[in-house]
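*Asks:* Take the given structure of chain B and dock chain H to it, following the hints.
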Amino acid sequence: MKNAVGREIPEEILKLTGKDVYRGSHYFDGKEFKKDGPVTKPVINSNGSKLVDSIHDVLVKCGIKDGMRLGFHHHFRTGDKVLNMVMEEVHKMGIKNITLCASSLGKQNDPILPMIEDGTITNIESSGVRGSIGTAISEGKLQGLAIMRSHGGRVRAIETGEAHVDISFIGAPTSDEYGNLNANGGKANCGVLSYSAVDAQFADKVVAVTDTLVPFPNLPAQITQTYVDYVVVVDQIGDPSKIATGAAKPTTDQRKLLMAKYCTDFVVQTPYFKEGFSYQTGVGGASIASTLYLAEIMREKNIHMGFGVGGIAKPMCDLLDEGLIYKLVDTQDFDEPSIENIQRNPNHFYITGGEYANPFNKGAYVNKLDFVILAALEVDTHFNCNVVVGSDGVITGAQGGHPDTAAGAKCTIVIAPIMQGRMPTICSDVTTVTTPGEDVDVVVTDYGIAINPRRQDLIEATKDAKLPLKTIEELRDIAYSITGEPERVQFSDRVVGIIEARDGTIMDVVRQIKDFEFKDE
Amino acid sequence: MINEQKKKRLRRSMMFLNGQKPSLIKDPYIYKADSLMFDLEDAVAVTAKDTARFSLFHALTTIDYRGAERVVRINGLDSDLWKEDIRCVVAADAELIRIPKCENKEMVQEVEAEVAKAEKEFGKEEGSVLIMAALESAKGVLNAYEVCTASPRMIGIALSGGDYTKDLQTRITGTGVELMGGRQQMIIAARAAGVQCFDTVWTDLDNMEGFRRDVQMIHDMGFDGKSCINPRQIDIVHEIFTPVKKDIIFAEKVIREIDTKKAQGIGVFTVDGKMIDIAFYDGAKRTIMMAKAAGVYEGDL
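Protein chains in written order, with my numbering: chain B, 1 to 521; chain H, 522 to 822.
So that you can see chain B by itself, here it is in the shape it has in the complex (with noise of 0.2 angstroms):
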């Protein structure tokens, strides 16, 4: 069948998941359901501690079995130690059939591997896959089906009871013996636990696993005791230098930069730049550009930012200190600076994923975003979005907040060069949908800004700046006339993933892979 972005979804696909085809953005504006919940074990009794001496007797207290849905955050991104470490006793004690619900997976669960090809894990619900995790689903090893959730899908999942959360694993930067987390004060500090919220809330078992017990009560608390069944304190939860990196220096990547100004000078054109809008950016080299240009213009115009959203890094909280921008909405912190920031700034906000982006609550703040800028793998001429999987077909991106930050913005840009070495970026179609066009509205490259012709209000608002506009559809031209117009990847029909929609129907599937054939001539 086929759904609102023009893809064809197999019908023994949705019968297999039960979901819907995607049919449009707000399909579900407005539509009544009834919330899940979690099992819940009560704490009556006045004895005090909820340590549990290992990973391996945590699992047993919470009565790991063949099948579970087990939950784990990203926020330590590629320094995360805590789901290999619980996946490593999990495979021990000969556990199969894992379904297993990250935030996010990355290289640095590469030595899961092994679980996949043995039948451990058999599901994974994740926003997206990079490594060799994102390769081994591309060639078919996990036996069940790979979902992709961006950052606001995954808390209406969970919430709803779609992805029934049996046991989730909250990395914590410290933990008091009852349970109350918070992500700094610790060793491994990543300054917010926002993904992990709503395993707190929805899980049936919640085990905390710390490196750092602190003394009760450890206040303020991003999770509270509450919600904990368990903490379990462990040597290291993660790699302090690979969860944040320094701050990254300023690009001096003159295409990006160039990108970056353009960028720029778009956003000061639109009715949206004004005293209060609100922004949200990536941490690309372009993206953080733009914010430095659109920073100077700030300063010019007596312009403020309301407040900032996202993934935050250095350059949004230097203009946090500075005041040209009030508040920051924080939902995961990309370096050392902003994760001193968020405890330091009283105006550095933490905020949890469904409060950024569930699309099934009422009301995130990416439904109060002016602008989003955002990347891609490719874009099309339909502003389809691929952020997932690579012109080669293979798994190796994550949703992240794009569709929902996409979805909710006034403004949705996309920065992207019309080509990556030899592959147009700017295509006829996307490899696979992740981000439906109809919530992207401008497409910035290096060869020019495209507007989606459904927003006719932002072509007539910038139509006399001088701004190097052109058609979706030239670019594209301009990228097929140097890379010449590639052929479509050649795939198997064996469906391997799904990219979920935020609302939970399906935008898209990803197949397994198979080597090119040339055709005979």
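Hints were generated in silico from the structure; no laboratory data involved.
Treat the hints with care, since some could be wrong.
Said to hold, decoys possible - Partner residues aside, some chain H positions facing chain B, computed with beta carbon under 10 angstroms:
| no. | residue |
| --- | --- |
| 1 | 666 |
| 2 | 689 |
| 3 | 752 |
| 4 | 753 |
| 5 | 780 |
Unchecked claim - Taking lysine-lysine pairs in the PhoX-like style, the calculated list, with each CA pair at most 20 angstroms apart, reads:
| no. | chain 1 | residue 1 | chain 2 | residue 2 |
| --- | --- | --- | --- | --- |
| 6 | B | 466 | B | 514 |
| 7 | B | 261 | B | 249 |
| 8 | B | 141 | B | 96 |
| 9 | H | 570 | H | 604 |
| 10 | H | 813 | B | 466 |
| 11 | H | 553 | B | 470 |
| 12 | B | 466 | H | 767 |
| 13 | B | 466 | H | 766 |
| 14 | H | 553 | B | 261 |
| 15 | B | 466 | H | 553 |
Claimed, not checked - Far from chain H, by Cβ distances over 10 angstroms, these chain B residues were calculated:
| no. | residue |
| --- | --- |
| 16 | 63 |
| 17 | 107 |
| 18 | 254 |
| 19 | 268 |
| 20 | 304 |
| 21 | 318 |
| 22 | 482 |
| 23 | 488 |
Since the structure is predicted, the reported quantities are computational estimates derived from the model, not experimental observations.
Beta carbons: idealized from backbone N, C-alpha and C, even for Gly.
*Replies:* Relative to the frame of chain B, chain H by itself:
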């Protein structure tokens, strides 16, 4: 036939690119320099001369540089490479050859003869490839006028400050004092010969303020443009070398007034309180021409 229009085209910025690096030569036009200068000389390692020439030939014949002028700096006449460089450049239809370390008219004429030979060999129209010369020594600067007038293909001369200051037994100071005489000599020679004059590169990329001062100075001296080594320098050069709105409006008034007053037999009059006579006509015309070439002119002159 030599195309006079092409000789006098707008050349505010001329960006150096290492002809050996595909990533640099694949689409440098996005930064909108007026001219792109592909280097086969100093930027290319001795062992890579052949491959650089080969890849440059294919780049020039397959890539659409979208209106940017394609200039190639060939190897020095003291090498055994320059004649093959010229064959490559002519066969690939580049617009302009830059002669390095030029010191006298004979060098220009040697290149000119090879270019003519190559044009014949590859069936190109005679005179289709133009020439410019880089002056990199005291002798070259002293002979600026004879170099400028050495060939009808000559579009102009460029200062190469690094080698020139070595020859002077000084160094680039950032103040411009060491280049003062050379620059002045060159601009006078170029104007006397009716060709263009380009300034040397600014290598201190972190000192953008110094760069801006340097560009403003050579603009005020009368230079036509500046060699650039990084795209981030281009915008500043264009900003300084593009007439501002105020100047364009004034130039329009001057041209219109001179045209009407001439018909009325009036020679001297005032525009916006400034005394104007026919001597201002060419300057005003040039301002409008520059504005048009830079794409900022919206009037109807």
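*Asks:* Let me make sure I understand: some of the numbered hints might not hold for this structure. Which ones are they, in numerical order?
*Replies:* The structure conflicts with hints 1, 2, 5, 6, 18, 22, although it agrees with all the remaining ones.
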